[in-house]
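> Listed below, chain by chain, are the residues.
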Amino acid sequence: MSARDNILARVRKGLGLPGEVPGAEREAARAYIAAQPRGPRPTYAWNDGVARFCERSEKLGSTVDRVAGIADVPRAVARYLHSKGLPTSAVIWPALQGMPWAAAGLDVQARAAQGSDLVGITGVFCAVAETGTLMLLSGEDTPAAASLLPETHVALVDVTRIVPGMEEAWALMKAERQGPPRAVNFVSGPSRTADIEQTIVIGAHGPYRVHVVCFG
Amino acid sequence: MLLTSSSFKRNVRRKLADPSLQRNMKRFGGRFVEARAAVMTEVDNLEEIRIAAAAIRDRSLANLDSYLMEFEAQAQARGTQVHWAETAQDVNRILIGIARANGVRKIVKSKSMVSEESGLNDAVAAAGMQAIETDLGEYILQLAEEPPSHIIAPAIHKSVEEVAELFSEKHHTPRQTDIPALCREAREQLRPHFLSADMGVSGGNFLIAETGSVVIVTNEGNGRMVTTLPRIHVAITGIEKVLPTLNDFSTVVRLLTRSATGQSITNYVSMLTGPRRDGDRDGPEQSHIILVDSGRSRLLGTELQQALRCIRCGACMNHCPVYQNIGGHAYGWVYPGPIGAVLTPSYVGLENALDLPQASTLCGACQVVCPVKIPLPELMRVLREKSFRQGLRPWHERWSILLWRSAAERPWLYAWATRLAVRVLRRLAGKDRLLHRLPGLDGWTEGRDMPAPSSRTFRDLYRKRHS
Amino acid sequence: MKVGLFVTCLVDMMRPRIGFAALKLLEQAGCTVVVPQQQTCCGQPGFNSGDRESGRAMARRFLKEFEGFEYVVAPSGSCTGMIRCHYAELFPEDPALQARLDALSSRTYELTQFLTDVLQVKLADSGFSGTCTYHDSCSGLRELGVKQQPRSLIAQIPGAQLHEMDKPEVCCGFGGTFSVKLGDIATRMADNKCQDALASGADTIVGGDLGCLLNIEGCLRRLGDPRTRVLHVAEVLAGPEPEEG
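Residue numbers (my numbering), protein chains in the order written: chain P, -14 to 201; chain B, 8 to 474; chain V, 25 to 269.
Since the hints were made in silico from the structure, they are not lab data.
Note that the structure is a prediction, hence the values are computed from the model and not measured.
A hint or two may mislead.
If we take Cβ atoms under 10 angstroms as the criterion, some of the chain B residues that face chain V in the derived model are [to be verified]:
{"#": "1", "residue": "Ser13"}
{"#": "2", "residue": "Ser14"}
{"#": "3", "residue": "Lys16"}
{"#": "4", "residue": "Glu195"}
{"#": "5", "residue": "Leu369"}
{"#": "6", "residue": "Arg391"}
{"#": "7", "residue": "His443"}
{"#": "8", "residue": "Pro446"}
{"#": "9", "residue": "Phe465"}
{"#": "10", "residue": "Asp467"}
Listed next, the stretches of chain V that the computed footprint assigns to chain B, with coverage defined by at least 3 CB atoms under 8 angstroms from CB atoms of chain B [to be verified]:
{"#": "11", "region": "55 to 63"}
{"#": "12", "region": "130 to 144"}
{"#": "13", "region": "171 to 184"}
{"#": "14", "region": "221 to 235"}
{"#": "15", "region": "241 to 253"}
The calculated SDA-like cross-link candidates involving lysine to any residue, where the alpha carbons are at most 20 angstroms apart (straight line), are [as the list claims (entries may be wrong)]:
{"#": "16", "chain 1": "B", "residue 1": "Lys393", "chain 2": "B", "residue 2": "Ala414"}
{"#": "17", "chain 1": "P", "residue 1": "Lys44", "chain 2": "P", "residue 2": "Asp33"}
{"#": "18", "chain 1": "B", "residue 1": "Lys16", "chain 2": "V", "residue 2": "Ala112"}
{"#": "19", "chain 1": "V", "residue 1": "Lys88", "chain 2": "V", "residue 2": "Ala127"}
{"#": "20", "chain 1": "B", "residue 1": "Lys471", "chain 2": "V", "residue 2": "Glu265"}
{"#": "21", "chain 1": "V", "residue 1": "Lys191", "chain 2": "B", "residue 2": "Val46"}
{"#": "22", "chain 1": "V", "residue 1": "Lys205", "chain 2": "B", "residue 2": "Asn18"}
{"#": "23", "chain 1": "V", "residue 1": "Lys88", "chain 2": "B", "residue 2": "Ala414"}
{"#": "24", "chain 1": "B", "residue 1": "Lys380", "chain 2": "P", "residue 2": "Pro25"}
{"#": "25", "chain 1": "P", "residue 1": "Lys(-2)", "chain 2": "B", "residue 2": "Glu93"}
{"#": "26", "chain 1": "B", "residue 1": "Lys16", "chain 2": "B", "residue 2": "Asp449"}
{"#": "27", "chain 1": "B", "residue 1": "Lys380", "chain 2": "V", "residue 2": "Ala112"}
{"#": "28", "chain 1": "B", "residue 1": "Lys16", "chain 2": "V", "residue 2": "Gly200"}
{"#": "29", "chain 1": "V", "residue 1": "Lys205", "chain 2": "B", "residue 2": "Thr94"}
{"#": "30", "chain 1": "B", "residue 1": "Lys177", "chain 2": "B", "residue 2": "Gln149"}
{"#": "31", "chain 1": "V", "residue 1": "Lys205", "chain 2": "B", "residue 2": "Lys177"}
{"#": "32", "chain 1": "P", "residue 1": "Lys159", "chain 2": "B", "residue 2": "Ala84"}
{"#": "33", "chain 1": "P", "residue 1": "Lys(-2)", "chain 2": "B", "residue 2": "Ala69"}
{"#": "34", "chain 1": "P", "residue 1": "Lys(-2)", "chain 2": "B", "residue 2": "Thr94"}
{"#": "35", "chain 1": "B", "residue 1": "Lys438", "chain 2": "V", "residue 2": "Val142"}
Glycine included, each C-beta is placed from N, C-alpha and C at the ideal position.
Make the full structure from the sequences, and use the hints.
Spelled out as structure tokens, the structure:
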């Protein structure tokens, strides 16, 4: 018997389930998964999902800017980088390379991020109002490391893609995609650690800064 | 990890007498408690969510084989190689096997308590490869050659001065005691390793049966690094960590991060499903997962099964007055605090960790905060019963209990014995009506006086008054 | 109202005046109180040490002595917690016995809980005078929800002021046999408790469980504090009780 079979047999025996392999129970498990029940959540409610998202983002240590439309985004990003004295060259999701970055004075490179990149610009799949969280799906034109390796992560959020909670984010993913991508990353503010003396320090291995530009 | 739980009492003595540990625990130990209390004010229906979370964990456990098989099928369909480890040693063997087959020389690791169970780092080093811990706390401890003392804040027992000393010595850099500067120093040391490692090893907070994914919940970003940059990713986690659905995960994670660090959500929640896809520009070429039993299946079907609900938030140890006074190392294995007092004897054998289930006043603080409602005091009592039944407790303890029981079953004997005991104790006490030393109760009188009985027994006084 | 007083083994042996104080409080509140003479212990010391049979044997005895009463009251959150929460799981093989026990358990109250929640008592001035700080004993607090009751009762005593200590809900380290088996840790926990209690500025540490009180008092005295009083809440509420012997 393989290790797998031994373990599964021990599990089954421990649980006191009849027979050697699950039959009806496996079907029941599948049925439960298919039913997708949602659990209770905190009953806090908000009128304006965008305002909630922005407020919670700032609480997480991100900075938030809001512009009228997607056309304003490159200039808003440039303004942010200038205001912080940050470099104006950035690695960007290939999905976003069609936007007028050069016109805003930014030098963007659409590729996977490298260790030396200082600014990473990404979009999001959607964003979660409850916690101020960005949801990023990895993919050909949306590589994962752009939101991780650079010291500054600029995320562009279409306000029509702000959903109430994580459950709605999953539902949106299932509705629009064939199964999950390699990596789903929920990002909630700049990386941090409290491993020395329980003192919170912003900027551990990932970005020191997360700047969210909401548009629309 | 070296098991020293059998010398728990000796460990305790040493830790209580360790001034730096005592100072550090007093300074930092309460911060998690405050942070949790603050963030829980956001959750007005905490109890409802706890009940739901416990039910989700119970559902997974009640049909664990089904959900594991479902997980395996989904994971394999998306290109993950699923390995099964019956024992801790098997974890090391499997991982080293994967590494050897792929010419791995350098491994970067994010936090995995399961890999502490098997002493993975030592095994990897013995196999001629390098394993580098990248969680800041774990990195500090790897440099210091110490095991973690807390499951989510592994270096909670260390002060900034100790870290400064260590970094200066190991990095050959000037000593600095500014905490952000030390964090940057660690970042700069570790960044090149992320970029050059052949393999990333992570734990797994949860397995999702619905999608065959592993989820890791982190703050520093190192978990994302080790699962994104090296060409091979191996996740190691216990078989009990499976959740049926993504919605179930959403329910549970709301309590996990709040209970653990007092955050509404951690900086990163990453769900990993298989290797790099066609066209992807980053991500590992190979994705493996090692599902570890190593004692877990033994708990199924017993009263201790409830302990397998654990989602490793650490709230029980943060709120445990025993843990807060002795720190995590005294427990002598991977999992300290109340959950460790239950899991350690269950995984390594009760006879090897006999004092751990006794290491609690059963005050119940752990049970009140446990996000998945594990009745930890009850489970410690179950293990105490097992010890008692199997005759593992010292003879004098057994006899005292049996004598007490036998007297308390016979009121006349009880009345006589307590009357006698009261007389003797009153005679032994000094003028101050205190017993400074009491043979047989040295455990008490070594550190505290025992106030003597103030009079005759209530029973005798009452009878006299009413006669 | 006919009430059976469960004195508890510690009070019986170590501080009978607490039993008399409880008796007085209940009688003043108009209860007819009976103290069954064949009562012994609730079984918790053995039960928590792993001897389930201790729990079963003493639950049977408890049932025998107290089943006839309308209410049972004990000046202890710990013993009441044992009865109310843990007797419920002792006789799965004998549902009839278990049902009788459950019915009795549900009529069993910790003293301050009974005085407030059931009797809604108005206390007479006990003559107690001093500043109190209240330590919440674990079983009373977490198994029974005793928190406001003793405080509201103390507030009825004109001479008593309540100064809350830091972390009143943290365990004092008693834990029954824990206090002997792991005396080092128990001592350290008691030390912490004493420091928090003294820092409140109170001259009297009050609690609802004699085990905790002995632990705290023993620690205080060893620390060289002969003055600070350590009293059961019943003593504060009933006033000084003369004792013989």
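> All hints are to be evaluated individually against the structure, with a verdict given for each.
Structure-based check of all given hints:
Below 10 angstroms, beta-carbon pairs count as interface contacts, and Ser13 of chain B has none with chain V, the closest being about 15 angstroms; its hint is therefore violated. Against a cut-off of 10 angstroms between C-beta atoms, the interface hint on Ser14 of chain B is violated, since the closest Cβ of chain V lies about 14 angstroms away. For Lys16 of chain B, the shortest C-beta to C-beta distance to chain V is roughly 7 angstroms, which falls under 10 angstroms, so the interface hint holds. A least Cβ separation of about 40 angstroms between Glu195 of chain B and chain V goes past the 10 angstroms threshold, and the interface hint is therefore violated.
Look at Leu369 of chain B: its Cβ gets to within about 6 angstroms of chain V, closer than 10 angstroms, so that hint holds up. The criterion of a C-beta within 10 angstroms of any C-beta in chain V is met by Arg391 of chain B, whose closest approach is roughly 3 angstroms, and the hint holds. Hint status for His443 of chain B: holds, given a least beta-carbon distance of 8 angstroms to chain V, under 10 angstroms. About 12 angstroms separates the beta-carbon of Pro446 of chain B from the nearest beta-carbon of chain V, more than 10 angstroms, and the hint is not met.
Hint status for Phe465 of chain B: holds, given a least beta-carbon distance of 4 angstroms to chain V, under 10 angstroms. A distance limit of 10 angstroms between C-beta atoms decides the matter here; for Asp467 of chain B the minimum to chain V is near 8 angstroms, and the interface restraint holds. Under the rule that three or more residues need a Cβ within less than 8 angstroms of chain B, the assignment of the region 55 to 63 of chain V holds, with 4 such residues. With 0 residues having a Cβ less than 8 angstroms from any Cβ of chain B, the region 130 to 144 of chain V misses the three-residue criterion, and the hint is violated.
Coverage of the region 171 to 184 of chain V by chain B is violated in this model, with 0 residues showing a Cβ closer than 8 angstroms to a Cβ of that chain against a need of three. For the region 221 to 235 of chain V, the stated coverage by chain B is violated: 0 residues have a C-beta nearer than 8 angstroms to a C-beta of that chain, whereas at least 3 were required. Counting residues of the region 241 to 253 of chain V whose CB lies closer than 8 angstroms to any CB of chain B gives 6, which reaches the minimum of 3, so the coverage claim holds. With a CA separation close to 23 angstroms, the supplied pair Lys393 of chain B and Ala414 of chain B exceeds the 20 angstroms bound.
For the proposed pair Lys44 of chain P and Asp33 of chain P, the alpha carbon gap of about 17 angstroms is at most 20 angstroms, so the pair holds. The hinted pair formed by Lys16 of chain B and Ala112 of chain V fails the criterion: a straight-line CA distance of about 33 angstroms is larger than 20 angstroms. Restraint check: the Cα-Cα separation between Lys88 of chain V and Ala127 of chain V comes to about 13 angstroms, which is no more than 20 angstroms; the hinted pair holds. In summary, the hint linking Lys471 of chain B to Glu265 of chain V is supported, as the alpha carbons are separated by about 16 angstroms, within the 20 angstroms threshold.
Straight-line distance between C-alpha atoms of Lys191 of chain V and Val46 of chain B comes to about 19 angstroms, which keeps the hinted pair within the 20 angstroms bound. With a CA separation close to 15 angstroms, the supplied pair Lys205 of chain V and Asn18 of chain B stays within the 20 angstroms bound. A hinted pair counts as satisfied when its Cα atoms are at most 20 angstroms apart, and Lys88 of chain V with Ala414 of chain B qualifies at roughly 16 angstroms. For the given pair, Lys380 of chain B sits about 16 angstroms from Pro25 of chain P by alpha-carbon distance, which is consistent with the 20 angstroms threshold.
A distance of roughly 15 angstroms separates the Cα atoms of Lys(-2) of chain P and Glu93 of chain B; the hinted pair therefore holds under the 20 angstroms criterion. Between Lys16 of chain B and Asp449 of chain B, the direct Cα distance comes to roughly 14 angstroms. Compliance with the 20 angstroms bound is thereby established for this hinted pair. A distance of roughly 19 angstroms separates the Cα atoms of Lys380 of chain B and Ala112 of chain V; the hinted pair therefore holds under the 20 angstroms criterion. Annotation: proposed proximity of Lys16 of chain B to Gly200 of chain V holds, straight-line Cα distance about 18 angstroms (limit 20 angstroms).
Restraint check for Lys205 of chain V and Thr94 of chain B: not satisfied, since their Cα atoms lie roughly 33 angstroms apart, outside the 20 angstroms limit. Proximity of Lys177 of chain B to Gln149 of chain B is assessed by CA-CA distance (about 11 angstroms); at most 20 angstroms being required, the pair is judged to hold. With a CA separation close to 42 angstroms, the supplied pair Lys205 of chain V and Lys177 of chain B exceeds the 20 angstroms bound. Distance hint between Lys159 of chain P and Ala84 of chain B is fulfilled; the C-alpha atoms sit about 17 angstroms from each other, no more than 20 angstroms.
Restraint check: the Cα-Cα separation between Lys(-2) of chain P and Ala69 of chain B comes to about 12 angstroms, which is no more than 20 angstroms; the hinted pair holds. Proposed proximity of Lys(-2) of chain P and Thr94 of chain B is supported: the alpha carbons are some 18 angstroms apart, at most 20 angstroms. Under the criterion of a C-alpha separation no larger than 20 angstroms, the hint pairing Lys438 of chain B with Val142 of chain V is inconsistent with the structure, at around 42 angstroms.
In this structure, the earlier hints numbered 1, 2, 4, 8, 12, 13, 14, 16, 18, 29, 31 and 35 are contradicted, and the remaining ones agree with it.
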